[in-house]
Amino acid sequence: MKRIVYREWRLAPQRYWGLLALLAVIAGMGGLAFWYMEHQGHWVTGMTNEIVWGTPHLFAIFLIVAASGALNIASIGTVFGKTTYQPLGRFSGLLAVALLVGGLLVLVLDLGRPDRLIVAMTSYNFRSIFAWNVLLYTGFMAIVIAYLVTMMERRLKGYYKAAGTLAFTWRLLLTTGTGSIFGFIVARQAYDTAVLAPMFIVMSFLYGLAVFILVLMFACAQDGRPIGPYLLKRLKGLMAIFIAGVLLFILIYFLTKLYGAKNYDLVNYYLVSGGRYTLAFWFGWVILGLLAPYGIIMHPALGQDPKWIAGASALVIFGGLASLYVIVIGGQAFPMTLFPDKTILESGFHDGVGGQISAYAPSLPEVLLGLGGVAVALLITAVGVRVLQFLPESLADKDIDPHAAVKA
Amino acid sequence: MANALVTGGRVSLGLAGALLALAVQAGGSPFVTPGSQAAKERSCVEATDFMRRNHMEVIKHQRDATVHGGIRSTKHSLAGCIDCHVARDAQGQVLPVNDEQQFCGACHDFAAVRLNCFDCHATVPAPAPGKAAGSAGQALGGASPGSSLPPGHPQPAAR
Amino acid sequence: MKNPSDMKNSSAVIDEGRRGFMRTAAGVATVTLAPGVLLHTLAHAGSPGQGGGVPRAEPVTDAVRYGMLIDTTRCAEGCTACVSACNRENGLDLQEMPTGADPALWDRQESRWIRKVKVQDNLTGHVSNLPLMCQHCEHPPCVDVCPTGASFKRADGIVMVDRHLCIGCRYCMMACPYKARSFIHANVEEKLTLAPRGKGCVESCNLCVHRRDHGQPSTACADACAAEGHHAILFGDLKDPASPLSQALAKLPSRQLRENLALNTGVRYSGV
Ligand code: SF4
Ligand code: SF4
Numbered sequence: 001m002k003r004i005v006y007r008e009w010r011l012a013p014q015r016y017w018g019l020l021a022l023l024a025v026i027a028g029m030g031g032l033a034f035w036y037m038e039h040q041g042h043w044v045t046g047m048t049n050e051i052v053w054g055t056p057h058l059f060a061i062f063l064i065v066a067a068s069g070a071l072n073i074a075s076i077g078t079v080f081g082k083t084t085y086q087p088l089g090r091f092s093g094l095l096a097v098a099l100l101v102g103g104l105l106v107l108v109l110d111l112g113r114p115d116r117l118i119v120a121m122t123s124y125n126f127r128s129i130f131a132w133n134v135l136l137y138t139g140f141m142a143i144v145i146a147y148l149v150t151m152m153e154r155r156l157k158g159y160y161k162a163a164g165t166l167a168f169t170w171r172l173l174l175t176t177g178t179g180s181i182f183g184f185i186v187a188r189q190a191y192d193t194a195v196l197a198p199m200f201i202v203m204s205f206l207y208g209l210a211v212f213i214l215v216l217m218f219a220c221a222q223d224g225r226p227i228g229p230y231l232l233k234r235l236k237g238l239m240a241i242f243i244a245g246v247l248l249f250i251l252i253y254f255l256t257k258l259y260g261a262k263n264y265d266l267v268n269y270y271l272v273s274g275g276r277y278t279l280a281f282w283f284g285w286v287i288l289g290l291l292a293p294y295g296i297i298m299h300p301a302l303g304q305d306p307k308w309i310a311g312a313s314a315l316v317i318f319g320g321l322a323s324l325y326v327i328v329i330g331g332q333a334f335p336m337t338l339f340p341d342k343t344i345l346e347s348g349f350h351d352g353v354g355g356q357i358s359a360y361a362p363s364l365p366e367v368l369l370g371l372g373g374v375a376v377a378l379l380i381t382a383v384g385v386r387v388l389q390f391l392p393e394s395l396a397d398k399d400i401d402p403h404a405a406v407k408a
Numbered sequence: 409m410a411n412a413l414v415t416g417g418r419v420s421l422g423l424a425g426a427l428l429a430l431a432v433q434a435g436g437s438p439f440v441t442p443g444s445q446a447a448k449e450r451s452c453v454e455a456t457d458f459m460r461r462n463h464m465e466v467i468k469h470q471r472d473a474t475v476h477g478g479i480r481s482t483k484h485s486l487a488g489c490i491d492c493h494v495a496r497d498a499q500g501q502v503l504p505v506n507d508e509q510q511f512c513g514a515c516h517d518f519a520a521v522r523l524n525c526f527d528c529h530a531t532v533p534a535p536a537p538g539k540a541a542g543s544a545g546q547a548l549g550g551a552s553p554g555s556s557l558p559p560g561h562p563q564p565a566a567r
Numbered sequence: 568m569k570n571p572s573d574m575k576n577s578s579a580v581i582d583e584g585r586r587g588f589m590r591t592a593a594g595v596a597t598v599t600l601a602p603g604v605l606l607h608t609l610a611h612a613g614s615p616g617q618g619g620g621v622p623r624a625e626p627v628t629d630a631v632r633y634g635m636l637i638d639t640t641r642c643a644e645g646c647t648a649c650v651s652a653c654n655r656e657n658g659l660d661l662q663e664m665p666t667g668a669d670p671a672l673w674d675r676q677e678s679r680w681i682r683k684v685k686v687q688d689n690l691t692g693h694v695s696n697l698p699l700m701c702q703h704c705e706h707p708p709c710v711d712v713c714p715t716g717a718s719f720k721r722a723d724g725i726v727m728v729d730r731h732l733c734i735g736c737r738y739c740m741m742a743c744p745y746k747a748r749s750f751i752h753a754n755v756e757e758k759l760t761l762a763p764r765g766k767g768c769v770e771s772c773n774l775c776v777h778r779r780d781h782g783q784p785s786t787a788c789a790d791a792c793a794a795e796g797h798h799a800i801l802f803g804d805l806k807d808p809a810s811p812l813s814q815a816l817a818k819l820p821s822r823q824l825r826e827n828l829a830l831n832t833g834v835r836y837s838g839v
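Chains as they are written, first to last, in the numbering used here: chain G, 1 to 408; chain P, 409 to 567; chain W, 568 to 839.
Quick caveat, the hints were computed from the structure, so don't treat them as lab data.
None of these values were measured; they are calculated from a predicted model.
Be aware that a few hints might be false.
Stated by the list, open to error - Quick list of in silico lysine-lysine cross-link-like pairs, PhoX-like style, CA-CA up to 25 Å:
| no. | chain 1 | residue 1 | chain 2 | residue 2 |
| --- | --- | --- | --- | --- |
| 1 | G | 262 | W | 720 |
| 2 | G | 342 | W | 685 |
| 3 | G | 262 | G | 157 |
| 4 | W | 720 | P | 468 |
To be verified - Going by beta-carbon spacing under 10 Å, a handful of chain W positions derived as facing chain P:
| no. | residue |
| --- | --- |
| 5 | 625 |
| 6 | 731 |
| 7 | 759 |
| 8 | 760 |
| 9 | 768 |
| 10 | 781 |
As the list claims (entries may be wrong) - Listed next, with one range per pair, are the computed distances between beta-carbon atoms:
| no. | chain 1 | residue 1 | chain 2 | residue 2 | range |
| --- | --- | --- | --- | --- | --- |
| 11 | G | 139 | W | 794 | 53 to 63 Å |
| 12 | G | 311 | W | 645 | 51 to 61 Å |
| 13 | G | 169 | W | 820 | 31 to 41 Å |
| 14 | W | 815 | G | 353 | 27 to 37 Å |
| 15 | W | 815 | G | 354 | 24 to 34 Å |
| 16 | G | 295 | W | 820 | 55 to 65 Å |
| 17 | G | 39 | W | 660 | 21 to 31 Å |
| 18 | G | 288 | W | 645 | 42 to 52 Å |
| 19 | G | 304 | W | 670 | 52 to 62 Å |
For every residue, glycine included, the Cβ atom is placed at its ideal position computed from N, Cα and C.
Just chain G, same shape as in the assembly (with noise of 0.2 Å):
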């Protein structure tokens, strides 16, 4: 095997400044957006006492998820010892730790009052698993740096099996944690099962796998460095691993919840009568975010394709976003059970009249602080990849892995 070479991105520099421009003007609309907020209050958002989780936790949920589903590329190189995705390992945690600090932005700039983070950092309730969350993003953003700087520094190597069997750890308790965040909620009938803590790992798996991809092949396109098939060719089967993964664990989640007769109306809800939390389900998240992608994949002819294999990502990544609609928005619009068996007539405080789902409609500055907190990602990365060596000089398959190169 040849010595991998890594080299800082070369890109002229109007294309680099101008993309950097192009996501600093993102990113500060969204900055933008939060002044006005927090300056306002909530009530120039779309968010009511009945949907309290809007689009800025839809943006920050998924890139949190996909930041620990990104680190997968580089655990699978160390923990499972796949030497083809080692020389993509730096690029991995960079982009982890890049789609973290994005989301989690996101979602502190949405708290009611965000210049009490120090309250949230200082006082800990340890019942919570929220708090929980806390200890492990930050914990991830350290442990993940602290595995870059194996992979970076010859003298470290040492340590890097162990510190990447360390992030491969906290990764999974970390995506057990935001999927606990929902699946302790026995308030609400969407929620309130085991099952969203596993479910919520299979879909970091994919949406950190498709966001890698992506940004991975647009990066390396910027500045001609080739990406050899057979390296394509295991990212995308990979992908269709979890498409299936996370297909099956929408069965389970529907048929754990088809088990009692309390949630009949819920399924039937997501399914069939939910408007367009149904159409979201089917069309977003499972006809064009898992089948569409999936099909593109098996294609003997189109699943050769890097641009098709691109689109392919770019339809998980948008599903990834509905399935979050679905699942944040979707569980929060269906009304509550007060009163079993019984039929909410009137209320004074919109508690689903006649089983009514509770209204919700996005407003402009909550979708700019969600696209901020992507840009900023993406900014990091950016800088990341341009300053420091991320990024492999080639990542055909004859340099990475010579075996590879005669397999495919």
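Since chain G is already given, all that's left is putting chains P and W with the ligands on it; use the hints.
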């Protein structure tokens, strides 16, 4: 021995505080808002100089005792600060304590320390007793002279 | 014992029931006995913003647990006396819609502590009316999930939010099975001394905690309901077997809402 030292220390601190309070009193205490109850008092609820430096700690301690323990009897309540330090204009209207020219507002402005008690807390005293509108459970008085609210509301508007 | 202005003060409290009156009188007496020294205490004892009555001097203990019984058969259709009383007592009626807001949206964003609900049984068609507010769970999910410990349960069973710690994450609103909590979506210009309120924090019914801390016997909603002649809300101490609440609970069949969650709520309902 150690105890005696501490006690001694406390006594001398207390003495210093008392002296300072007296000195301020003699000098006509320019720091409270003219016309407020505070202007008529000999000192704040603790030695004035102590309060000047430590009022935030005192209030913070009281806040936890009140919110978690329900203790509302002590002299260290924020409502007490407002009752005492609020001033009125020529028409007898109460002036919010956090206004730029008023007790809390002026000093925090000068010291450039953000004052966020009044994000949530009322800035004028609750109305005077004895004016209850008689609605059930409202021993809370009607509109005070400075109030813009209809009579019978528990408390006047606070800006 | 008293000068005329003290008399006036006490007379305002008489409505509160004999107990409150007696305590106030006692408080005033103490003050008169030791003039100069207790000057400040006097200012507070009589201060209506503190709720009238004598302010609590010792921390609350778990010797009491406050709760309610709501007799839905007495709750009148169309009556919202309890809701208006709560809004007034706790300054909720001082919230103002921000200029430029959409009224329909604002209606879902405004804070409410208590609401009237009308439910019909799907099988029998039986209709009940009831007020719904924070149920003051013994095992409150809102407290479990709160990352900073801002949501807490007082020793006397009252569940409330320490606004000084609340970061406005709204996880407690996700977790409350009764949708009892509200987020403050806009700046609050006018607020009461006894009910602080500000943008960015979460709040919910606190069983008129200021009244509890001044030894008053009841809550705004229960008083208003009684004043209307309905007597559907009975407030009291669940731990005192002699309290009217405990007596009524022993007699009437009652239940917790969503009893399957086993939260052991402090608010109980009968007839639904
Ligand atoms: S009813 Fe809701 S807000 Fe009240 S204690 Fe229970 S969970 Fe908390
Ligand atoms: S909104 Fe406030 S009270 Fe509710 S969980 Fe978050 S920090 Fe706790």
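Each hint, compared with the structure:
no.: 1; hint: 262/G to 720/W; result: violated, 31 Å
no.: 2; hint: 342/G to 685/W; result: holds, 10 Å
no.: 3; hint: 262/G to 157/G; result: violated, 55 Å
no.: 4; hint: 720/W to 468/P; result: holds, 20 Å
no.: 5; hint: 625; result: holds, 7 Å
no.: 6; hint: 731; result: holds, 6 Å
no.: 7; hint: 759; result: holds, 5 Å
no.: 8; hint: 760; result: holds, 4 Å
no.: 9; hint: 768; result: holds, 7 Å
no.: 10; hint: 781; result: holds, 7 Å
no.: 11; hint: 139/G to 794/W: 53 to 63 Å; result: holds, 56 Å
no.: 12; hint: 311/G to 645/W: 51 to 61 Å; result: holds, 59 Å
no.: 13; hint: 169/G to 820/W: 31 to 41 Å; result: violated, 53 Å
no.: 14; hint: 815/W to 353/G: 27 to 37 Å; result: holds, 30 Å
no.: 15; hint: 815/W to 354/G: 24 to 34 Å; result: holds, 33 Å
no.: 16; hint: 295/G to 820/W: 55 to 65 Å; result: holds, 59 Å
no.: 17; hint: 39/G to 660/W: 21 to 31 Å; result: holds, 25 Å
no.: 18; hint: 288/G to 645/W: 42 to 52 Å; result: holds, 49 Å
no.: 19; hint: 304/G to 670/W: 52 to 62 Å; result: holds, 57 Å
The structure fails to meet hints 1, 3 and 13 from the earlier list, while all remaining hints are met.
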